[in-house]
Amino acid sequence: MATQAQQSTQAEVGQEAGHTAFPPFDASTFPSQLLWFAVIFGVMYYYLSKRFLPAVGGVIESRRGRIAKDIDEATAMQAKADAAVVEHEKALAKARADAQATAQAARDRIAAETDGKRKALEDQLNARLAEAEQRISANRVAAMGNVKAIAADATGAIVQRLIGRAPKAAEVAKAVDASAGA
Amino acid sequence: MADAGPAINPIEQFALARHLRIIVGNFDVSITTSTIFMALIAIVALWLMSMTAKGTPGVPGRLQSLGEMAYEFVEGMVRSSAGDEGMKFFPLVFTIFIFVTLANLIGFFPYSFTVTSHIIITAALALLVFFTVTIYGIWRHGLHFFKLFVPDGVPIYILPLVVAIEVFSYFVRPVSHSVRLFANMLAGHITLYVFGSFVAMLLGASAAVKLVAVLPFAMTIGLDALELLVVFLQAYVFAMLTCMYLNDALHPGH
Numbered sequence: 002m003a004t005q006a007q008q009s010t011q012a013e014v015g016q017e018a019g020h021t022a023f024p025p026f027d028a029s030t031f032p033s034q035l036l037w038f039a040v041i042f043g044v045m046y047y048y049l050s051k052r053f054l055p056a057v058g059g060v061i062e063s064r065r066g067r068i069a070k071d072i073d074e075a076t077a078m079q080a081k082a083d084a085a086v087v088e089h090e091k092a093l094a095k096a097r098a099d100a101q102a103t104a105q106a107a108r109d110r111i112a113a114e115t116d117g118k119r120k121a122l123e124d125q126l127n128a129r130l131a132e133a134e135q136r137i138s139a140n141r142v143a144a145m146g147n148v149k150a151i152a153a154d155a156t157g158a159i160v161q162r163l164i165g166r167a168p169k170a171a172e173v174a175k176a177v178d179a180s181a182g183a
Numbered sequence: 044m045a046d047a048g049p050a051i052n053p054i055e056q057f058a059l060a061r062h063l064r065i066i067v068g069n070f071d072v073s074i075t076t077s078t079i080f081m082a083l084i085a086i087v088a089l090w091l092m093s094m095t096a097k098g099t100p101g102v103p104g105r106l107q108s109l110g111e112m113a114y115e116f117v118e119g120m121v122r123s124s125a126g127d128e129g130m131k132f133f134p135l136v137f138t139i140f141i142f143v144t145l146a147n148l149i150g151f152f153p154y155s156f157t158v159t160s161h162i163i164i165t166a167a168l169a170l171l172v173f174f175t176v177t178i179y180g181i182w183r184h185g186l187h188f189f190k191l192f193v194p195d196g197v198p199i200y201i202l203p204l205v206v207a208i209e210v211f212s213y214f215v216r217p218v219s220h221s222v223r224l225f226a227n228m229l230a231g232h233i234t235l236y237v238f239g240s241f242v243a244m245l246l247g248a249s250a251a252v253k254l255v256a257v258l259p260f261a262m263t264i265g266l267d268a269l270e271l272l273v274v275f276l277q278a279y280v281f282a283m284l285t286c287m288y289l290n291d292a293l294h295p296g297h
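The listed protein sequences correspond, in order, to chains W and G.
Counting in our numbering, the first sequence runs from 2 upward without gaps.
Counting in our numbering, the second sequence runs from 44 upward without gaps.
Treat the hints loosely; a few may be bogus.
What the hints assert, rightly or not - Covered, in the sense of this in silico footprint (three residues per stretch, anywhere, with C-beta under 8 Å from a C-beta of chain W), are these stretches of chain G:
1) 57–64
2) 80–92
3) 108–114
4) 128–136
5) 152–164
The set of hints was computed from the structure by calculation and includes no laboratory data.
In this text, a Cβ means the ideal position worked out from N, Cα and C, and glycines have one as well.
With the hints as constraints, model all of the structure from the sequences given.
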């Protein structure tokens with residue numbers, strides 16, 4: 002934009018040519034614009050096409066190549082890692098199965114052993130129990146026999162005191178048996 | 044702006060001042076404002092791309108990213124519309140694209156000058172494309188190039204009409220190609236100037252009226268945003284059309 006100061010010192014091309022044309026259509030500026038456009042555009046084209054664009058293209062290309070290579074490498078690594086994970090999980094599953102089998106075997110063995118011991122102990126205890134019961138009933142029979150004899154003696158003695166003569170042993174035994182049965 | 048009511052002259056921003064008078068024969072080839080801004084465009088473009096070219100294939104810096112973004116953007120545009128074969132014209136399309144983008148963008152700054160607001164520049168660019176397409180097309184395909192004007196599958200009785208339309212549209216291309224960019228830049232800058240001037244005029248008036256200046260100011264902000272879009276859009280459209288025209292030169296058989 003031309004300022005007032007510029008206008009006073011540097012006359013517009015259009016006004017100088019003797020008419021106040023609309024500046025973009027002022028043909029008197031065309032040769033200058035065309036020439037400098039050709040020169041400047043030509044210089045730009047030369048440097049861009051010969052130097053800078055090939056260089057930039059090369060940089061971009063090598064970056065693309067590098068990224069593609071990196072991605073390929075990363076994909077290969079990923080595949081390796083996946084394979085390792087599968088391998089690891091397989092090993093883990095095998096170890097777990099082994100451990101379970103071992104534990105089960107140990108459990109079974111221990112249970113069998115315990116069962117055997119318990120059975121032996123029970124048998125032993127039952128035998129002792131039976132033996133003790135036999136002894137007790139024998140003792141009870143013996144004790145009951147003794148009680149009858151004592152009762153008969155006591156009965157004989159009591160009757161002798163009461164009536165002054167000793168009863169017959171058979172009668173006394175008969176009486177004791179009758180009262181014990183009652 | 045003076046209180047006396049300054050004349051709004053949105054045209055003077057397009058005027059060219061001569062900074063160094065050079066006359067060759069009958070031609071006035073002085074160095075003007077346009078020359079200086081074109082040189083600025085070239086300096087910025089070559090600086091950006093030389094800095095980008097120095098880059099390494101590692102992680103790019105900001106400037107390198109910008110240059111590579113431009114490169115890949117234009118590369119994608121050329122490949123998608125003119126095919127891999129079109130890449131031989133990549134430097135041309137890239138130069139056109141960066142020239143137009145920077146011309147539009149630099150012109151967007153206040154008190155600067157928009158090189159592409161002069162039709163002679165956009166016409167030169169459009170004719171460069173037109174002649175590149177025509178000469179390359181004929182050199183490459185010979186008479187087969189003119190198959191461009193004869194679409195397949197058109198009934199014979201309307202073929203002359205279709206060919207006439209095709210030929211006409213082919214020669215109108217440089218006009219529409221150049222006027223589109225030129226008119227967009229011209230109109231955009233005139234609109235911005237007019238609304239900007241309203242703000243200045245209203246602020247120069249009495250206190251009550253000063254408040255009204257908010258309206259054109261808000262409008263100016265909105266227009267600035269729109270114009271920034273137009274700056275890139277028009278550069279993109281210009282380069283895209285260049286690619287499509289080049290595609291005709293490469294593959295004239297539709």
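Against the structure, the hints:
Coverage of the stretch 57–64 of chain G by chain W holds in this model, with 6 residues showing a Cβ closer than 8 Å to a Cβ of that chain against a need of three. Look at the stretch 80–92 of chain G against chain W: 7 of its residues bring a Cβ nearer than 8 Å to a Cβ of that chain, three or more, so the hint holds. Coverage of the stretch 108–114 of chain G by chain W holds [criterion: at least 3 residues with CB-CB distance below 8 Å; count 3]. By the rule of at least three residues with a Cβ nearer than 8 Å to a Cβ of chain W, the coverage given for the stretch 128–136 of chain G holds, with 3 such residues.
Given a C-beta distance limit of less than 8 Å, the hint that chain W covers the stretch 152–164 of chain G holds, as 9 residues qualify and 3 suffice.
Hint check: no violations occur; every hint is consistent with the structure.
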